[in-house]
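Colleague: Chains as they are written, first to last, in our numbering: chain D, 1 to 325; chain X, 1 to 325.
Simulated from the structure, these hints should not be mistaken for lab results.
You may find that some hints are simply not true.
If chains are identical, the list can't say which one is meant, so a pair holds when it fits in one copy or spans any two.
The calculated lysine to aspartate or glutamate pairs, modelled on EDC-like cross-linking and capped at a C-alpha distance of 20 angstroms, are [what the hints assert, rightly or not]:
#1 224 - 296
#2 5 - 236
#3 224 - 282
#4 5 - 198
#5 161 - 76
#6 161 - 187
#7 224 - 264
#8 320 - 37
#9 320 - 282
#10 320 - 285
#11 5 - 29
#12 161 - 229
#13 161 - 227
#14 161 - 111
#15 5 - 302
Protein chains: 2
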Amino acid sequence: MADRKTEELIEQMLGGSRLALARLITQVENRSAAVGEIMRRVHGRTGQAYVVGITGPPGAGKSTVVDQLTARFRAEGASVGIVAVDPSSPFTGGAVLGDRIRMQAHTLDPEVFIRSMATRGSLGGLARATSDVIRLLDAFGKQWILIETVGVGQTELDIVKQADTTVVVLVPESGDGVQTMKAGLMEVADIFVVNKADRSGADHLVTELRFMGHLHRSSPGEPKDIEWEIPALTAEAQSGVGIEELLAEIRRHRHLLEAAGALERRRQARRRAALQALLIEEFSEQVGRRLRSDGDLAATFEAVAGGAMDPYSAVAEILKRLHPA
Amino acid sequence: MADRKTEELIEQMLGGSRLALARLITQVENRSAAVGEIMRRVHGRTGQAYVVGITGPPGAGKSTVVDQLTARFRAEGASVGIVAVDPSSPFTGGAVLGDRIRMQAHTLDPEVFIRSMATRGSLGGLARATSDVIRLLDAFGKQWILIETVGVGQTELDIVKQADTTVVVLVPESGDGVQTMKAGLMEVADIFVVNKADRSGADHLVTELRFMGHLHRSSPGEPKDIEWEIPALTAEAQSGVGIEELLAEIRRHRHLLEAAGALERRRQARRRAALQALLIEEFSEQVGRRLRSDGDLAATFEAVAGGAMDPYSAVAEILKRLHPA
Chain D
1 MADRKTEELI EQMLGGSRLA LARLITQVEN RSAAVGEIMR RVHGRTGQAY VVGITGPPGA
61 GKSTVVDQLT ARFRAEGASV GIVAVDPSSP FTGGAVLGDR IRMQAHTLDP EVFIRSMATR
121 GSLGGLARAT SDVIRLLDAF GKQWILIETV GVGQTELDIV KQADTTVVVL VPESGDGVQT
181 MKAGLMEVAD IFVVNKADRS GADHLVTELR FMGHLHRSSP GEPKDIEWEI PALTAEAQSG
241 VGIEELLAEI RRHRHLLEAA GALERRRQAR RRAALQALLI EEFSEQVGRR LRSDGDLAAT
301 FEAVAGGAMD PYSAVAEILK RLHPA
Chain X
1 MADRKTEELI EQMLGGSRLA LARLITQVEN RSAAVGEIMR RVHGRTGQAY VVGITGPPGA
61 GKSTVVDQLT ARFRAEGASV GIVAVDPSSP FTGGAVLGDR IRMQAHTLDP EVFIRSMATR
121 GSLGGLARAT SDVIRLLDAF GKQWILIETV GVGQTELDIV KQADTTVVVL VPESGDGVQT
181 MKAGLMEVAD IFVVNKADRS GADHLVTELR FMGHLHRSSP GEPKDIEWEI PALTAEAQSG
241 VGIEELLAEI RRHRHLLEAA GALERRRQAR RRAALQALLI EEFSEQVGRR LRSDGDLAAT
301 FEAVAGGAMD PYSAVAEILK RLHPA
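Please put together the full structure from these sequences, using the hints given.
Modeller: Written as structure tokens, this is what we have:
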């Protein structure tokens, strides 16, 4: 239940207050008890924003790309929300936030809202919180939302899969890794950008990526809902080279998705997945509460922990207690 | 419920049949309906094996290290189970299995049981299946179980966290990545091995890892249950150099865990986490079954998918339907 203060914040946010938005995001990030009420209240205002994911290895220049895209959107008068997500998963560390601190260009523009998010505890929670933050920015009226994350693990994928169009930013040096990451790249990328393309190896990587994109398009396997061959562009984002072309590809992808009805189908699948994840989160919390109040249930948990009972027998018993047939 | 055939397989496995073991593992990997019954039946025979996790980036020589450790264990007459897990998470690809195919040394030794596992669908499912396979090998009588996985994401961590002692294998070239991965490495590593130590940069990396280990030990933060400073060893696993030292460190870690009661405490925490994961898995399946039989529930899901209803309101409604107070 949202308290009076949260109610006021929601009103202020929907009225255009950036400060109120920032505070609501903090509640969502901390998974406060009011999250459900907040998201319920803003729901009717969502669904207008277009979400672009920017992922890739540390040091590829993702923040610069985000920065440059933001400048282009702003030049057209569109408002922009940026979410930089740092899963801080053990094998990546704080790479995104490190990059992010360098990005200062738009911090004074009131039509650009930038938020960094890092993991606090569960990684599943981070993907969920990111999804809620996207919807808050959407309800706030942002037309383009850019999600930036380091692309290396399942959580980052869960995050980037919330985008309508995903751009994978690589550098010429990524070449060696590309073969290894092939399946995964093809799964998430809608557009490849080889950044820092003045370095040697860029042409080779672009050729390789285009070939992969071509094979992927013509491969059998699951039916594709749009006719799209993943393009591979070059860029030197620092000086703005290649950004217009990237923007054109993002728009082309967007129009194709919209024309084919695929955008709505994909969003539906995403909402279904979000509901399932939320259901599991709530269920886990229910179990946690029951564990504190129900001695028999706690005893079953301890029997498993001590090795006296196998977990499969325990699960059957616990579910029977939780919802008797 | 296990059918007659599965009952027989369990009997044969507990009687020492490798073929029966292999078939049961396949059932566990495929999450067949009999998994619960299988794990219930073997539960009383588990808890004797010691589990060593071997993780690290692709190409670090993990398989060779596993191979060499296996040779040492066999020389002492101990039996060994090896599980090579390939999460095939998008950004890693099939690296582990590629390595694994090269490891042929012990395939003819009846006291060494080797199994490769790859993801089939959900990554969460893979961690759970791995945990069950470890317990099957344990029940089968394996004294040492080696789990090998490429260490890059959350799933790999979930897998490697099932080990009693975890060895992180790096190569001199990993140096650049180490600072980035620092927090994660410290979270999982009990022992570092810098393999291919004849290449340049090995000494530098060892010094860096030792320094990190030293800082980690003396850092405040969560209380540690044992006094252990993560050692960093060098090895040239291909020619066996450094393997005795690695084995000595594994044993030293094991004895310390046992003497401090930490082994049992950690195993309890692991069993508790496994129970929670299993509970969620079962709950999700229940919801799936209900969705197919309960039209109102399905309608709620579709309302969320279509955007007419927010997921938080839907979750409250669904949980009320599933277990009325």
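Colleague: It remains to establish, for every hint, whether it holds in the given structure.
Modeller: A quick look at each hint next to the structure:
Taking identical chains as interchangeable, the C-alpha atoms of residue 224 and residue 296 are never at most 20 angstroms apart, the minima being 50 angstroms within one chain and 31 angstroms between chains. With identical chains, the CA atoms of residue 5 and residue 236 are never at most 20 angstroms apart, being 46 angstroms at best within one copy and 63 angstroms at best between copies. Taking the closest pair of Cα atoms, residue 224 and residue 282 never come within 20 angstroms of each other, the shortest separation being 33 angstroms inside a single copy and 31 angstroms across copies. In this assembly of identical chains, residue 5 and residue 198 lie within 20 angstroms of each other by CA distance neither inside one copy nor across copies; the values are 53 angstroms within and 64 angstroms between.
In this assembly of identical chains, residue 161 and residue 76 lie within 20 angstroms of each other by CA distance neither inside one copy nor across copies; the values are 27 angstroms within and 50 angstroms between. In this homomeric assembly, residue 161 and residue 187 come within 20 angstroms of each other (Cα to Cα) only inside a single copy, at 10 angstroms, whereas the closest approach across copies is 27 angstroms. Taking the closest pair of Cα atoms, residue 224 and residue 264 come within 20 angstroms of each other only inside a single copy of the chain (15 angstroms); across copies the shortest separation is 50 angstroms, beyond that limit. Taking identical chains as interchangeable, the C-alpha atoms of residue 320 and residue 37 lie at most 20 angstroms apart only when they sit on different chains, with a minimum of 17 angstroms there against 30 angstroms within one chain.
In this homomeric assembly, residue 320 and residue 282 come within 20 angstroms of each other (Cα to Cα) both inside a single copy, at 18 angstroms, and across copies, at 11 angstroms. When the C-alpha separation of residue 320 and residue 285 is checked against a cutoff of 20 angstroms, the pair qualifies both within a copy, at 17 angstroms, and between copies, at 14 angstroms. When the C-alpha separation of residue 5 and residue 29 is checked against a cutoff of 20 angstroms, the pair qualifies only within one copy, where the shortest distance is 17 angstroms, while the shortest distance between copies is 50 angstroms. Proximity of residue 161 and residue 229 under a CA criterion of 20 angstroms is satisfied intra-copy only: 18 angstroms inside one chain copy versus 39 angstroms between copies.
For the homomeric pair residue 161 and residue 227, the shortest alpha-carbon distance inside one copy (19 angstroms) is at most 20 angstroms, but the shortest distance between copies (42 angstroms) is not. In this assembly of identical chains, residue 161 and residue 111 lie within 20 angstroms of each other by CA distance neither inside one copy nor across copies; the values are 25 angstroms within and 45 angstroms between. In this homomeric assembly, residue 5 and residue 302 never come within 20 angstroms of each other (Cα to Cα): the closest approach is 41 angstroms inside a single copy and 33 angstroms across copies.
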